[in-house]
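Trainee: Residues per chain are reported as follows:
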Amino acid sequence: MDKLKVSGLTYGYDARTVVENIDIEVGEGEFVGIVGPNGSGKSTILKCIYGGMTPKTGEVYIDGTNIREIKPKKRATMLAAVGQENTIPFNFTVREIVSMGRTPHKRLFEPDNERDRAIVDEAMDKLGISALAERSYMNLSGGEKQRVIIARAFAQETELLVMDEPTNHLDINYQLQIFETLKASGLTVLAAIHDLNLAAMFCDRIYVLSGKQVYASGKTDDVLNRELIREVFHVKGAVERHPLTGKNNIIFIPNIQ
Amino acid sequence: MNVTKKQKYIFAVLAAISVISLFFAIGVGTAMFSPMEIVKSITMHLSGTDYYDGCGLSKLGYNMIWKMRVPRVLLGFIVGAVLAVCGVTMQALVRNNLADPFILGVSSGASAFASLFMVFGFFTFFGKFALSLSAFLGALVSIVFVYCISRTGGRINIPQLLLAGVAVAMIMDAFVSLINVLAPNIFSLRNVSFWLSGSLAGARWEYLTIPFVVMIVCMAYLMLNYRALNALVMGEEVASTLGIRVSFLQKSLVLTASLMAGAAISVSGSIGFVGMMMPHIARLLLGADHKKILPASALFGGTLVVWADVASRTITAPEEMPVGIVTALVGAPFFIFVLKREASANSLKMN
Numbered sequence: 001m002d003k004l005k006v007s008g009l010t011y012g013y014d015a016r017t018v019v020e021n022i023d024i025e026v027g028e029g030e031f032v033g034i035v036g037p038n039g040s041g042k043s044t045i046l047k048c049i050y051g052g053m054t055p056k057t058g059e060v061y062i063d064g065t066n067i068r069e070i071k072p073k074k075r076a077t078m079l080a081a082v083g084q085e086n087t088i089p090f091n092f093t094v095r096e097i098v099s100m101g102r103t104p105h106k107r108l109f110e111p112d113n114e115r116d117r118a119i120v121d122e123a124m125d126k127l128g129i130s131a132l133a134e135r136s137y138m139n140l141s142g143g144e145k146q147r148v149i150i151a152r153a154f155a156q157e158t159e160l161l162v163m164d165e166p167t168n169h170l171d172i173n174y175q176l177q178i179f180e181t182l183k184a185s186g187l188t189v190l191a192a193i194h195d196l197n198l199a200a201m202f203c204d205r206i207y208v209l210s211g212k213q214v215y216a217s218g219k220t221d222d223v224l225n226r227e228l229i230r231e232v233f234h235v236k237g238a239v240e241r242h243p244l245t246g247k248n249n250i251i252f253i254p255n256i257q
Numbered sequence: 001m002n003v004t005k006k007q008k009y010i011f012a013v014l015a016a017i018s019v020i021s022l023f024f025a026i027g028v029g030t031a032m033f034s035p036m037e038i039v040k041s042i043t044m045h046l047s048g049t050d051y052y053d054g055c056g057l058s059k060l061g062y063n064m065i066w067k068m069r070v071p072r073v074l075l076g077f078i079v080g081a082v083l084a085v086c087g088v089t090m091q092a093l094v095r096n097n098l099a100d101p102f103i104l105g106v107s108s109g110a111s112a113f114a115s116l117f118m119v120f121g122f123f124t125f126f127g128k129f130a131l132s133l134s135a136f137l138g139a140l141v142s143i144v145f146v147y148c149i150s151r152t153g154g155r156i157n158i159p160q161l162l163l164a165g166v167a168v169a170m171i172m173d174a175f176v177s178l179i180n181v182l183a184p185n186i187f188s189l190r191n192v193s194f195w196l197s198g199s200l201a202g203a204r205w206e207y208l209t210i211p212f213v214v215m216i217v218c219m220a221y222l223m224l225n226y227r228a229l230n231a232l233v234m235g236e237e238v239a240s241t242l243g244i245r246v247s248f249l250q251k252s253l254v255l256t257a258s259l260m261a262g263a264a265i266s267v268s269g270s271i272g273f274v275g276m277m278m279p280h281i282a283r284l285l286l287g288a289d290h291k292k293i294l295p296a297s298a299l300f301g302g303t304l305v306v307w308a309d310v311a312s313r314t315i316t317a318p319e320e321m322p323v324g325i326v327t328a329l330v331g332a333p334f335f336i337f338v339l340k341r342e343a344s345a346n347s348l349k350m351n
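Listed in order, the protein sequences are those of chains A and B. If you're matching positions, the first sequence starts at 1 in the working numbering and goes up one per residue. If you're matching positions, the second sequence starts at 1 in the working numbering and goes up one per residue.
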């Protein structure tokens, strides 16, 4: 059974369709990427999955259960999301924000116990932010903030993570570090990824969006080839296996040389 | 997110300051009473002993303390606490620390409806609840109005929020003045200055019941849901991925805030800026976790209004100055300071 299954998902407002008839399947423990040009609907699909938007038609299943039939609190113990918008207006500390990941596991007024604290400590440790625990989130750098948000998702203790460009705007060392952490966690991940080389390096499978639909999908190495890069992203490119990483590496060739 | 030792210490100090402030405020005024006399008066009342049995307190003194000062000071404390907690609630709802029942026109709405309904005699069949109920409805209408105007595309637009608040306040204040011109003799005590700048003068024991019950009920609801409040501050989308039923929570917060604003304003008029300042100060000391901010703001708010009331009846003695003028003199500069700081923080982020 698929961990996550999206079938026939269409989203739009007024007469405008943003995405049309999207099918996505993510198996247990898989790391699946969604790539596509700006505005191709990556975020829309993810929001329809994690509840930020309600699809016009189509269904989303987690562990075979339609999410419409799962109570919000229960759903938050099955799926954690990292969105793109993470401004926080008040001065919460890093520990407080990561602790919020425990929210769906707690009853009214129930305080955090030893186990919650251990989970929060472990999540912060995994993302390398333990030293920042008592710092105010507001004063952190972009890379630090993003790691705090991912740690919060980890503290939610879900088996499924849905992430919208989790390493956008981050320095390359953080990009690699975060993807390595995600990969090592063994969780099932569905992530929108902007950088094709990062997708090639880490994703087991990818979905390529173009023209409101899934243009291609399958094993990353099979899908990301020169023709697809020309067709979907409108650039000349070359794809070759890199001897150091053992992964496909995409080189973009500018028109003026 | 549990309470640390240092925070427990802060709470102990806060509670002590609150109690000392209560005693001080009861003692100070045109007639001065020592803490001993206050304790005597209270124990006399509680034990049912006669006041004139020669323990150093005159009948007049006892009456002044027990029938005038104590209810006035307690009412000030409760109103301050309710306004501050109302501020916390509104700030969580709009995700901005400038929200306050006075600044967003909610106080004005409550005042206008309260005076309007009194003039036309609506809700009289609710007896002593009529005034509070009218004020609650006025607060509710204003919050819903301001909230809907300032919400664009699922987010609260801050300049729009503040401007909507100004607009609602102007309309509602105009109503209060109009009613006062058309029907000036409807209230002996509650005149236009009462509704516009607040007063605790003439407080009686029976005024305390409704605000006190509302405070306990709303505080209990908010404390039970402190995690949901924290999550909501993260944004609607994040709150929903954390398992919060966002639209239900938002509606319940609008109701809670209206109840608190209505209860406070029907007994004290508009006392401004308490709801904006107190959560801010509480956050500076204790961080942003609502489990701590809610009780701390209540203590701060109560203490502030008690002191503002002392100032209002001593500075211009024997005349009384409306207590809302005192809080505005302190609060308005504070508001400008926070507004400026927010603006410079935002411009830093953009660069």
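Calculated from the structure, these hints are not laboratory results. None of the values given here were measured: they were computed from a predicted structure. Positions of the beta carbon are idealized from the N, C-alpha and C atoms, including for glycine. One or more of the hints may lead you astray.
[To be verified] Within a straight-line C-alpha distance of at most 25 Å, the following computed DSS-like cross-link-like pairs (lysine-lysine) qualify: (1) K212/A <-> K126/A; (2) K106/A <-> K59/B; (3) K251/B <-> K71/A; (4) K5/A <-> K56/A; (5) K183/A <-> K212/A; (6) K59/B <-> K73/A; (7) K74/A <-> K291/B; (8) K71/A <-> K56/A; (9) K106/A <-> K74/A; (10) K8/B <-> K251/B; (11) K126/A <-> K71/A; (12) K340/B <-> K291/B; (13) K59/B <-> K40/B; (14) K106/A <-> K126/A; (15) K126/A <-> K56/A; (16) K236/A <-> K56/A; (17) K106/A <-> K5/B; (18) K251/B <-> K74/A; (19) K73/A <-> K8/B; (20) K183/A <-> K126/A; (21) K236/A <-> K183/A; (22) K236/A <-> K247/A; (23) K71/A <-> K106/A; (24) K5/A <-> K183/A; (25) K219/A <-> K236/A; (26) K106/A <-> K291/B; (27) K8/B <-> K106/A.
[To be verified] Listed below are several chain B residues computed to face chain A (Cβ distance under 8 Å; list not exhaustive): (28) K5; (29) N225; (30) N230; (31) I244; (32) R283.
Trainee: Against this structure, judge whether each hint is valid.
Mentor: Results for each hint:
1. K212/A <-> K126/A: Measuring from Cα to Cα gives roughly 36 Å; hence the hint is violated.
2. K106/A <-> K59/B: Not OK: K106/A and K59/B at ~55 Å, beyond 25 Å, violated.
3. K251/B <-> K71/A: 19 Å, holds
4. K5/A <-> K56/A: 17 Å, holds
5. K183/A <-> K212/A: The hint is violated at about 29 Å.
6. K59/B <-> K73/A: Violated, at about 61 Å.
7. K74/A <-> K291/B: Holds: K74/A and K291/B sit about 23 Å apart, inside 25 Å.
8. K71/A <-> K56/A: Roughly 20 Å separates the two Cα atoms, so the pair holds.
9. K106/A <-> K74/A: OK: K106/A and K74/A at ~11 Å, within 25 Å.
10. K8/B <-> K251/B: Not satisfied, since the Cα-Cα distance of roughly 32 Å exceeds 25 Å.
11. K126/A <-> K71/A: 29 Å, violated
12. K340/B <-> K291/B: Not OK: K340/B and K291/B at ~28 Å, beyond 25 Å, violated.
13. K59/B <-> K40/B: Between K59/B and K40/B the Cα gap is close to 12 Å, so the pair holds against 25 Å.
14. K106/A <-> K126/A: Holds. K106/A to K126/A sits at ~23 Å (cutoff 25 Å).
15. K126/A <-> K56/A: 38 Å, violated
16. K236/A <-> K56/A: Violated, at roughly 36 Å.
17. K106/A <-> K5/B: 23 Å, holds
18. K251/B <-> K74/A: 22 Å, holds
19. K73/A <-> K8/B: Not OK: K73/A and K8/B at ~31 Å, beyond 25 Å, violated.
20. K183/A <-> K126/A: 12 Å, holds
21. K236/A <-> K183/A: 30 Å, violated
22. K236/A <-> K247/A: Holds: K236/A and K247/A sit about 20 Å apart, inside 25 Å.
23. K71/A <-> K106/A: Holds: K71/A and K106/A sit about 15 Å apart, inside 25 Å.
24. K5/A <-> K183/A: 20 Å, holds
25. K219/A <-> K236/A: 21 Å, holds
26. K106/A <-> K291/B: Within the cut-off at roughly 14 Å; holds.
27. K8/B <-> K106/A: 23 Å, holds
28. K5: With a minimum Cβ separation of about 14 Å from chain A (threshold 8 Å), the hint on K5/B is violated.
29. N225: At about 7 Å, which falls below the 8 Å cut-off, the nearest Cβ of chain A leaves the hint on N225/B intact, so it holds.
30. N230: 6 Å, holds
31. I244: 7 Å, holds
32. R283: This interface hint holds because 6 Å falls under the 8 Å limit.
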